[in-house]
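Participant: Heads up, the sequence shown is in this note's numbering, so the first residue is 32 and it goes up one at a time.
Hints are computed from structural coordinates only; laboratory data are not their basis.
Be aware that a few hints might be false.
If you anchor each label on the Cβ, the simulated ranges turn out as follows [unchecked claim]:
#1 V73 x D147: 23 to 31 Å
#2 G206 x G68: 30 to 38 Å
#3 D71 x N192: 15 to 23 Å
#4 D148 x L98: 22 to 30 Å
#5 N85 x L205: 41 to 49 Å
#6 S37 x K217: 30 to 38 Å
#7 V73 x G216: 16 to 24 Å
#8 K126 x L205: 46 to 54 Å
#9 E194 x R93: 32 to 40 Å
No experiment lies behind these values; they were computed from the predicted model shown.
All C-beta atoms in this analysis are idealised placements derived from N, C-alpha and C, irrespective of residue type, glycine included.
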Amino acid sequence: MVIQFSEIIDALLQFNGGDPGRLIRGEDESKLLLEDGDFDVVGEGSDFHACEKNIHVNHGNREIASLYKLYYLGANCVGSSVDFGPGVGLMALLKKILGGRKFNSLKDDAHLYFSDDRKDGAILMGKCSVIRFGRRSVRSGYAVLGVDYASVGNKRLITWNIEATMDRLDEKPLGSFRKYSPEYGKLVHLYFS
């Protein structure tokens, strides 16, 4: 399956926690249809688990191998994410998301988080959308876009995980984030400007 980079971003963020509707070009979120199709099930069906599928994302003139996941608690779909493979930079992803007029409400309610060692970070946008990012080495990174669809108890699993495991950056740090990654430096500058 091949899909445009912009289609995935639009589909995953346009609902921001509302009815997910059709997530990726007509994919039906019925768990039985997914399990019978070409999705792999990871985890126990009666507990928290994911249905995942390898997809190809057209980004510029390249095709990027990525992983699309739907998260379930029992039979209820509670979220989804796309793990973009190498070739999608954090700033390109942010430019696409924050540059679009329809995402202005998300842009105004964005919060930046980093792990203690600064190897991982996240941007929470609105109440339900997350961009996770990190670096595997000085030259490589990853970006995961995720959306919560429903609360589990009083928590939204994807966004709650960020808040529970990372520290929110409320003021511009004194030191430079460029030593961790040039893109981190750009991101922190963009966030606080």
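Participant: Checking each numbered hint in turn, tell me which of them this model violates, lowest number first.
Facilitator: 2, 6, 7 and 8
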